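Asker: So you can see what is in the structure, the chains are spelled out below.
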Amino acid sequence: MERRLYFLLGDLLSNTGAGALVGLALSAVVGEAWPAVLGMVFGMVVGDVIALPAALLLSVPFGAMEVMLPVMATGMASGMVVGMLSAIGAVSGGFAAALGALVGLVVLAATYGLNAYVRAGYASTVRDRQKTR
Amino acid sequence: MDLATKRKWDNAVRGYDLMNGYGPEWRWAPSKRRLFAAMEGKVLFLAIGTGQDIQFFPPDRDIIAIDISDQMIAQARRKAERYQGRLELRPLDVHDLDYPDATFDQVFTSCTFCSVPDPVNGLRNLRRVLKPGGTIGMFEHTGSRWFPFGLMLHLMTPLTRRLGPELNRDTPSNVRQAGFVDVRVEPVYLDVVKLIHAVNPTASAGF
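Chains as they are written, first to last, in the working numbering: chain A, 1057 to 1189; chain B, 567 to 773.
Note that these hints are calculated values from the structure, not bench results.
Small disclaimer: the values here were computed from a predicted structure and weren't measured.
A virtual CB, placed ideally from N, CA and C, is assigned to each residue, including glycine.
Do not take every clue at face value.
Stated by the list, open to error - Only pairs whose alpha carbons sit at most 25 Å apart, straight line, appear in this in silico DMTMM-like list of lysine to aspartate or glutamate:
| no. | chain 1 | residue 1 | chain 2 | residue 2 |
| --- | --- | --- | --- | --- |
| 1 | B | K697 | B | D664 |
| 2 | A | K1187 | B | D748 |
| 3 | B | K574 | B | D662 |
| 4 | A | K1187 | B | E752 |
| 5 | B | K645 | B | D736 |
| 6 | B | K574 | B | D736 |
Stated by the list, open to error - The following residues of chain B were derived to be distant from chain A, with all beta-carbon distances above 10 Å:
| no. | residue |
| --- | --- |
| 7 | M605 |
| 8 | R627 |
| 9 | H661 |
Isolated chain A, as found in the complex:
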């Protein structure tokens, strides 16, 4: 797992920021007259479209795949959540931004967990190989 403070803060800033941006944009576009499913699918696509340039920009100071993948997943997930909620009922810009940021935090935690799982699997394989030698 990443332990350098600069990158930990960078990951946090990137995912909460991208989530907030996507939430804010979708709350401005998706209205109560929309079917919830349409709001969700539209949010997913638009969230990714917004997240892609954000991820490219953020990758310059904070790293390539380690930023691009979670930020794009954040765009997709926060877009779905805020798009659906905006279609169900009126969502204020501030609430949508906070919700988007929260989704970004959850996505980041999930990718950290998945990364730890993948690396732990490799470490266990190496240990087993060493035992059999």
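Given the coordinates of chain A, work out where chain B should sit on it, guided by the hints.
Answerer: The following block gives chain B in isolation, referenced to the frame of chain A:
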């Protein structure tokens, strides 16, 4: 020489260090240092690009570094001058390697086989110039089997392919197809960024 690929990377040289030289290199520095620390004997490095990896090479090694783009090589020369060891830079396509069979003890690559147009053939060429029992050490990014990352990398590849790398390659599988053995894949970030270690079994098998 594959002129289309050469042109693509010649064009990519402007802004390359700005886009890749800070966050990505700093982030990957510990893994790259660890991989390159194993350099021994006569080493072929593919592809040197603008030379960002030179800072991670251990000193006093004997390295020939190639790249298809002479524009990239020109950028790399300034960094190569600071390297404390023997480091020769050559503009050369991996598909046109002009070294005799079994020339090198080791081959290293860094974010290379996302871009080589015919990766299995390129890897076979590397096997040819590697001594029997010689090793290849690769720092590469690939596609992912995890949703949504695999899907996203597939969707972005038609765009990124025009400007530079493909994001959805299965490089460990290509390494096996090229005839390398003892292929060991060490994850760096998820199942996307990884170190690949493999061995050239014999000098002639598979050619």
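Asker: Is the Cα-Cα distance between K1187(A) and E752(B) 25 Å or less?
Answerer: holds (18 Å)
Asker: Is the claim that H661(B) lies outside the interface with chain A correct, judged by CB distances over 10 Å?
Answerer: holds (26 Å)
Asker: Run the C-beta distances from M605(B) to all of chain A and say if the shortest one exceeds 10 Å.
Answerer: holds (21 Å)
Asker: Is the hinted pair K574(B) and D736(B) satisfied, with a Cα-Cα distance of at most 25 Å?
Answerer: The hint holds at about 22 Å.
Asker: Mind verifying the non-interface call on R627(B)? Its CB should be farther than 10 Å from each CB in chain A.
Answerer: At about 26 Å from chain A, R627(B) clears the 10 Å cut-off, so the statement holds.
Asker: Just to be careful, I want the Cα atoms of K1187(A) and D748(B) compared with a cutoff of 25 Å; is the pair within it?
Answerer: Measuring from Cα to Cα gives roughly 17 Å; hence the hint holds.
Asker: Mind checking the alpha carbons of K574(B) and D662(B) for me, to see if they're no more than 25 Å apart?
Answerer: holds (18 Å)
Asker: Quick one, are K697(B) and D664(B) close enough, alpha carbons at most 25 Å?
Answerer: Within the cut-off at roughly 15 Å; holds.
Asker: Are the Cα positions of K645(B) and D736(B) separated by 25 Å at most?
Answerer: violated (31 Å)
Of the hints listed earlier, the one the structure fails to meet is number 5.
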